[in-house]
Amino acid sequence: GAVVSQHPSRVICKSGTSVKIECRSLDFQATTMFWYRQFPKQSLMLMATSNEGSKATYEQGVEKDKFLINHASLTLSTLTVTSAHPEDSSFYICSARDRSVGGLTFSYEQYFGPGTRLTVT
Amino acid sequence: DAKTTQPNSMESNEEEPVHLPCNHSTISGTDYIHWYRQLPSQGPEYVIHGLTSNVNNRMASLAIAEDRKSSTLILHRATLRDAAVYYCILRDIQGAQKLVFGQGTRLTINP
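Residue numbers (my numbering), protein chains in the order written: chain R, 1 to 121; chain Y, 1001 to 1111.
Do not take every clue at face value.
[What the hints assert, rightly or not] One side only, chain Y facing chain R, incomplete, derived with CB under 10 Å:
#1 His1034
#2 Tyr1036
#3 Gly1043
#4 Tyr1046
#5 His1049
#6 Thr1052
#7 Asn1054
#8 Arg1058
#9 Ser1061
#10 Val1085
#11 Arg1091
#12 Gln1097
#13 Ile1109
I should point out that these hints are in silico values taken from the structure, not numbers from a laboratory.
Since we're looking at a predicted model, the values are computed, not measured.
Idealized CB from N, CA, C, for every residue including glycine.
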């Protein structure tokens, strides 16, 4: 259980075009999803927090008009990189938080997708 | 967010135990200690988490200092598949509960 998928796994696009990345929780409901970006040899950088049915909360320095996030259902969030440029080439990873409650404490574990490697030429 | 400090890299031999340290001197009372690991070209994978008591699961053990200012992830018998970057992360049970990744420890396992 607790599987998060991303599609596509790899994408190559031309500079100036837009590309959409999907993140799905396959066997649980996720009220909250997170989007990260990772450059080679670096750690994950949180870009935004996506809540189902409401606007995403972006981290400081992340352009919300460039990285459009939609979380239309409890199992799907999308990240659209608009007018992509070569510097947007990166590994994009999403995670989803299980809304289930475990015992006396809230579990809220986060599960990560396999990542999407974006190359902008 | 409270910060964690980990060694940049560690090396161990296959089938030997590995102790990965993490310092978090500014931890607050509502911070859980989480460990994730990331294999090359994959998303992070949950390893273990704890609050005050030591924790064990099928993957690893987590030893938490009494003052909670440090913790150690223990892999009891390392395999080549355990080679990864290990991240120690504090997550506040209140608020946004987002995971903020530091630089982590790159673990190399020698055959």
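Under 10 Å, Cβ to Cβ, is where Y:Thr1052 needs to be relative to chain R, so tell me if that hint holds or is violated.
-> violated (12 Å)
Please verify that hint: Y:Tyr1036, Cβ, nearest Cβ of chain R, below 10 Å or not.
-> Status holds, d = 8 Å.
Hint check: 10 Å Cβ-Cβ cutoff, Y:Asn1054 to chain R | Since chain R brings no Cβ nearer than about 17 Å to Y:Asn1054, farther than 10 Å, the hint is violated.
Hint check, Y:Gln1097 versus chain R [nearest Cβ-Cβ separation less than 10 Å] | holds (6 Å)
Would you settle whether the hint for Y:Gly1043 is holds or violated, based on the nearest Cβ-Cβ distance to chain R being less than 10 Å?
-> Cβ of Y:Gly1043 sits 4 Å from chain R, so the hint holds.
With a cut-off of 10 Å, does the beta carbon of Y:Arg1091 approach a beta carbon of chain R closely enough for the hint to hold?
-> Status holds, d = 9 Å.
May I ask you to test the interface hint for Y:His1034 with respect to chain R, counting a Cβ-Cβ separation under 10 Å as satisfied?
-> Given a least distance of 9 Å, the restraint on Y:His1034 holds.
Status of the hint placing Y:His1049 at chain R (closest C-beta pair under 10 Å) = holds (8 Å)
Should the hint that Y:Tyr1046 touches chain R count as held when the rule is a Cβ pair under 10 Å?
-> Holds - the Cβ of Y:Tyr1046 comes within 10 Å of chain R, reaching about 6 Å at its closest.
Should the hint that Y:Val1085 touches chain R count as held when the rule is a Cβ pair under 10 Å?
-> holds (8 Å)
Could you check if Y:Ile1109 really has its C-beta closer than 10 Å to a C-beta on chain R?
-> Interface hint status for Y:Ile1109: violated (19 Å vs cutoff 10 Å).
With a cut-off of 10 Å on the beta carbons, see whether Y:Arg1058 makes it to chain R.
-> violated (15 Å)
Hint compliance for this structure: hints 6, 7, 8, 9, 13 are broken, all remaining hints hold.
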